[in-house]
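Visitor: Sequence:
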Amino acid sequence: MLKTSKRLSKIYNILYKIHGPRNWWPADSPFEVIVGAVLTQNTSWENVKKAIANLKRKRKLSPRQFYKIKISELSSLIKSCGYHNIKAKRLKSFIDYLFKNYKGSLSKFFSNSTANIRKQLLAINGIGPETADSILLYAAGKAVFVVDAYTKRILERQGLIKPNTAYEQIQQLFENNLPKSSKLFNEYHALIVEHAKWVCKKKPICSECALRKWCSYESQH
DNA sequence: GGCCAGGACACCA
DNA sequence: TGGTGTCATGGC
1 MLKTSKRLSK IYNILYKIHG PRNWWPADSP FEVIVGAVLT QNTSWENVKK AIANLKRKRK
61 LSPRQFYKIK ISELSSLIKS CGYHNIKAKR LKSFIDYLFK NYKGSLSKFF SNSTANIRKQ
121 LLAINGIGPE TADSILLYAA GKAVFVVDAY TKRILERQGL IKPNTAYEQI QQLFENNLPK
181 SSKLFNEYHA LIVEHAKWVC KKKPICSECA LRKWCSYESQ H
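Per this note's numbering, the first sequence runs over residues 1 to 221.
Accuracy of the hints is not assured; some may be wrong.
[Stated by the list, open to error] DEER-style ranges, computed between Cβ atoms:
hint, residue 1, residue 2, range
1, K58, K162, 43 to 51 Å
2, Y67, P179, 32 to 40 Å
3, I86, Q65, 38 to 46 Å
4, S5, Q65, 22 to 30 Å
5, G126, Q65, 15 to 23 Å
6, L2, I71, 46 to 54 Å
7, I18, R64, 38 to 46 Å
8, K3, D96, 39 to 47 Å
Since the hints were derived computationally from the structure, they do not count as laboratory data.
Every residue, glycine too, gets a C-beta built ideally from N, C-alpha and C.
Starting from the given sequences, assemble the full structure and let the hints guide the process.
Guide: Have a look at this one:
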C-alpha cells in the first residue's frame, strides 16, 4: 500500500493526465467567485451559469449593486439555480457583513490571515465549510483544500477515509500530505469535479457508479 | 414522473 | 452530537 501522500499525488496525476489544466474558478472576478460559490450550493453549475448571466445582463454583479438591491429582486434574478429565496438572503448576509466591516472592500477583507477570514466567513449565515473554502481558495487565492461530496466519495472508495469522516479531517488529509500550494489545491479540486462530470457525461449513470468506474481506471495505471 | 445537482441550517431527541 | 426535514429549479 502506497503512503497517503503518494496515493494523493497519484490520483492527481491521473486526473491531470486525463483532463489537463482546468483554469478554475470559471469567473471574471473574485466577487463573481463568491456569488457562484453560494449559488452552486447543492445545485448544478449549468443552473448557476444562467443566474450569473442574468446578474451580469442587469449589471448587478458587483458588491455595491448587491448592497443596494432588494432581496426580492435578487431572488428573482437567481431563480434558475434553485433555493433562490434562501440564497438571496445568504448573499445579502455576506454583502451586509462586507460593507459593515470592510466598507465593501474585498481586498481589505482578504488582507486578513487565512484562518481569520475563514472564521469570519463561517460566522456569516449561509456560508458553511465548503463555501468558505471555495471563497478562500478561488477568490482570495489562499492555500486551503476544498472538500465536496465528490471528494468524500472518491476518498472513501480509495479507502483513504472512513464513511462520515468530518470535513476538516478530510481537508487536513490533503493539506498535510501535499505541498501547501494554492495552485495545486485549485487544480486538484477542479479536476475532481471535472472528472465526476466527465464520466457521468460519457455514460449517464449515477455518480456512485461513475466513481467506481474511475477507481477501476486508476487501478489499471 | 423521479432523481440528482460543486450545501447549509434549524430543529429535535 | 448526530439524524432529519427544508429550501426549489432545471436537465435528463
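Visitor: Is 38 to 46 Å a correct range for the gap between the Cβ atoms of I18 and R64?
Guide: 41 Å, holds
Visitor: Evaluate the given range 39 to 47 Å for the C-beta pair formed by K3 and D96.
Guide: 46 Å, holds
Visitor: With respect to the beta-carbon atoms only, verify the hint that Y67 and P179 lie 32 to 40 Å apart.
Guide: Holds, since Y67 and P179 (Cβ atoms, about 38 Å apart) stay within the stated range.
Visitor: If I claimed the Cβ atoms of I86 and Q65 lie 38 to 46 Å apart, would that claim hold in this structure?
Guide: 20 Å, violated
Visitor: Does the Cβ-Cβ separation between G126 and Q65 fall within 15 to 23 Å?
Guide: Cβ of G126 to Cβ of Q65: about 19 Å, so the range 15 to 23 Å holds.
Visitor: If I claimed the Cβ atoms of L2 and I71 lie 46 to 54 Å apart, would that claim hold in this structure?
Guide: This hint holds: roughly 50 Å between Cβ atoms.
Visitor: Confirm or reject the claim that K58 and K162 have a C-beta distance inside 43 to 51 Å.
Guide: Check passed, 46 Å falls within 43 to 51 Å.
Visitor: Falls inside 22 to 30 Å, the C-beta gap from S5 to Q65?
Guide: With a Cβ separation near 45 Å, S5 and Q65 fall outside 22 to 30 Å, so the hint is violated.
Hint compliance for this structure: hints 3, 4 are not met, and every other hint is.
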